[in-house]
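Undergrad: Protein sequences appear in the order of chains G and W.
Letter 269 of the first sequence, counting from 1, is numbered 269 in full-length UniProt numbering, and no numbers are missing.
Letter 168 of the second sequence, counting from 1, is numbered 168 in full-length UniProt numbering, and no numbers are missing.
Errors might be hidden in some of the hints.
Repeated chains share a single entry, so a pair holds when one copy, or any two copies, can fit it.
Here are the simulated lysine to any residue pairs, SDA-like style, with alpha carbons at most 20 Å apart [to be verified]:
1) K9 with D330
2) K115 with W308
3) K115 with T103
4) K115 with R52
5) K276 with D215
6) K80 with S90
7) K19 with E382
8) K19 with S352
9) K9 with R185
Don't read these hints as lab results, they were simulated from the structure.
Number of protein chains: 2
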Amino acid sequence: MTEKSTETKVAEAESAALKLAQLSDDERSAALNAIADAIIERSDEILEANERDVSEAEELLAAGEYSQALVDRLELSPSKLDSIAEMVRSVAAQDDPLGETQTARELDEDLELYKCTVPIGVIGTIFESRPDALVQIAALGLKSGNAVILKGGSEASHSNRVLFEIIREATSEMPDGWSQLIEARADVDALLDMDDAIDLLMPRGSSAFVEYIQDNTSIAVLGHTEGICHVYVDDAADLSMAADIAYDAKVQYPAVCNAVETLLVHESVAAEFLPKIAERYVDANVEMRGDEASRAIVDMEQAESDDWATEYGDLVVAVKVVDSLGEAIDHITTYGSKHTESIVTEDAERASRFMRSLDSASVFHNASTRFSDGYRFGLGAEVGISTGKIHARGPVGLEGLTTYQYYLEGDGQVVGTYAGADAKSFTHEDFDGSWTPGSLSDR
Amino acid sequence: MTEKSTETKVAEAESAALKLAQLSDDERSAALNAIADAIIERSDEILEANERDVSEAEELLAAGEYSQALVDRLELSPSKLDSIAEMVRSVAAQDDPLGETQTARELDEDLELYKCTVPIGVIGTIFESRPDALVQIAALGLKSGNAVILKGGSEASHSNRVLFEIIREATSEMPDGWSQLIEARADVDALLDMDDAIDLLMPRGSSAFVEYIQDNTSIAVLGHTEGICHVYVDDAADLSMAADIAYDAKVQYPAVCNAVETLLVHESVAAEFLPKIAERYVDANVEMRGDEASRAIVDMEQAESDDWATEYGDLVVAVKVVDSLGEAIDHITTYGSKHTESIVTEDAERASRFMRSLDSASVFHNASTRFSDGYRFGLGAEVGISTGKIHARGPVGLEGLTTYQYYLEGDGQVVGTYAGADAKSFTHEDFDGSWTPGSLSDR
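Taking the hints into account, I'd like the entire structure generated from these sequences.
TA: Below, the structure is given as structure tokens:
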């Protein structure tokens, strides 16, 4: 097989996208279940290819160029393949995100406007070196009727090639070319210029990488740069609750973007709260880095100004004593990344002020920042967490992979009728109903 | 008054945006009505400044560097000011686009997630030389709780300065700096780099200008590039209806983006339809440019390949005979700009195939393309028409100037409870309700 150019692959995806949009949910979901079956049936092939990736990674590990954690993440097993197949089936079982009539409006008699959800089109995705990421993204793309360009990490290239081939063969009923694999970094740069053909880019990876993508394309980008999340312990907080939340938000899974990075504590409760949380953090090996006021209460490292703007992704937390709710809000506005912030307080008024004053995607009252997640939010499968404000923000589910289209059903109406001296008026009346292709509703 | 730098203006807007988000609809609407009053009260000032713009433009007109149409567009009058004030009042009277709870979901007992509409933040706008454009954009921005950076056409600079000053003074109750005027083209380029402070850019103007903006910023851009709209006359069309629609779509207002540019006609009705529409087009001075098959039926200019991809914005229409619905779809997919397309047919099945096969923002059945408009769609005031697929598409109303935020109300829940061996399950049950700031609902 001669390798196709990236341009050819994207053109194929573009043409497949238009056909994919016309398939029913049953058809798309059946193809997803066929992928799940094929992953189980052909697991020997997958594991064999994965072994090659893992042994190459282990050589790099031996040479000190790779970490054990990365090798672990790369490695597949029969039980991991079972759970990947299960994940694909659960995507198939989700509600159809397409064809939902969001608005049905009579503009005039027998002139009906429908706003309906449709796929976005062609989505370019660039993701990390977990072989399950390729399957997950392809599954979410197919469920939402989008053609996908897949670029995985090079460390998983053998696994990715086999998985891609299995998906391709299992979805032979789907429009040809709906998914495309690209492998070279240069091909990613080629994607960035294809703003006529690609409708959305979804990069996953480091902040620096996501920013590089944003800075080098005019295509819309859905992704998250940093997760600098805050917990603010108000002077009206239940301090035992505050300690539980601050502990969970840091310790339960420190490597993820919704973990807390900076703890802000009102000065009037700092002397009581800080020793309480410090004891628990010390037990969990959390390193605290504080400002002068915090260090006067509990012995800890000194926080430098960089600390307020750092996503540690580790068992480290910055601590600052603030003199007011207002100072907490200002601090978050200055250093935050608009991801997730939480206030702990028994005072509803103060909670409201905190929540309405911050423009982060998720703002919580008396709950851990770690709840900021598609599964916990009940969105079903999660595409990612967006720190942008446009299109989709916060945890993004299948809905974030859709857009809408306006369908207008008439019986020959022209605008001239509604203009000039004898202009007819519009009725503009919303009604319950959904678009029946090609015909006016029988209301 | 020393002129502030663009950076300072944007920083002021950023800080004002956070405060603006906390005001009530009544407060924002009262400020809008104050703007309307001030425009009437201070109309002499406005007209005086406008006279300077107009006389400068007339000098350019005399020198042949300006068209009469542009001078007309620039010119204000007492009655035009009345209608501008009326427009501002109608924006004030619209439903509040903010604070709408789109989803209320119980995640678990006393753990409630609310998805609510909020302003986007800071919106950079660049618009054409109509002084009413400044007022319209400022009004839509304020109603939707957004801070706006306003850059109007330099030909209207005297009018814009006075109008801006009037708006600023009339909205002294609003957060200081919520609207900002910039005047130099170099300042526009400065905006393009401020992706940390500006959340959305809305350029209006030529396609080339909108593309320039898209290509030179990593900020999200909402705008429309081209309006290459199509009417397809199917072989199952009512030909008299088809002629009415094709006539209205071209002639009723040829300069706008939702006018038809290419007429596609099924070969089996071309011999009957083309002479019928040609007669009406000739009466209205519409120039027809056709392919060979069309010219064999009606005498017209020959269409070159460029014609299929041209937005004439004038009394010119390209005409092509197609052998099937499929060829019409392919033609639109190749040459269209994803704006608005219409099929005329009595066959619901064929209408459905046309509408579902095209990924244009608006696809119509038996109605003129000219209906593609915020007012006609019943969206209230129109921000513009977007040809992108992300965030907002087609005619965009106030809703397009909003995004959403997730509010989570808990009573101390931590994620650790829902993880591991004894993990508690989420309930994930949607309920009717809206966010009451800072407190759990009494369900």
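Undergrad: State for each hint whether it applies.
TA: For each hint, the structure was consulted:
1. In this homomeric assembly, K9 and D330 come within 20 Å of each other (Cα to Cα) only across copies, at 19 Å, whereas the closest approach inside a single copy is 48 Å.
2. Within a single copy, K115 and W308 get their C-alpha atoms no closer than 44 Å, and across copies no closer than 28 Å, so neither meets the 20 Å cut-off.
3. In the homo-oligomer, the alpha carbons of K115 and T103 lie at most 20 Å apart both inside one protomer (5 Å) and across protomers (19 Å), since each shortest distance falls under that limit.
4. Within a single copy, K115 and R52 get their C-alpha atoms no closer than 49 Å, and across copies no closer than 45 Å, so neither meets the 20 Å cut-off.
5. Taking the shortest Cα distances, K276 and D215 never come within 20 Å of each other, neither inside one copy (44 Å) nor across copies (53 Å).
6. Taking identical chains as interchangeable, the C-alpha atoms of K80 and S90 lie at most 20 Å apart only when both belong to the same chain, with a minimum of 15 Å there against 59 Å between chains.
7. Taking the shortest alpha-carbon separations for K19 and E382, neither the intra-copy value of 25 Å nor the inter-copy value of 32 Å comes in at or below 20 Å.
8. Taking CA atoms no more than 20 Å apart as the test, K19 paired with S352 passes between copies only; the shortest distance there is 13 Å, against 47 Å inside one copy.
9. Taking the closest pair of Cα atoms, K9 and R185 come within 20 Å of each other only inside a single copy of the chain (15 Å); across copies the shortest separation is 40 Å, beyond that limit.
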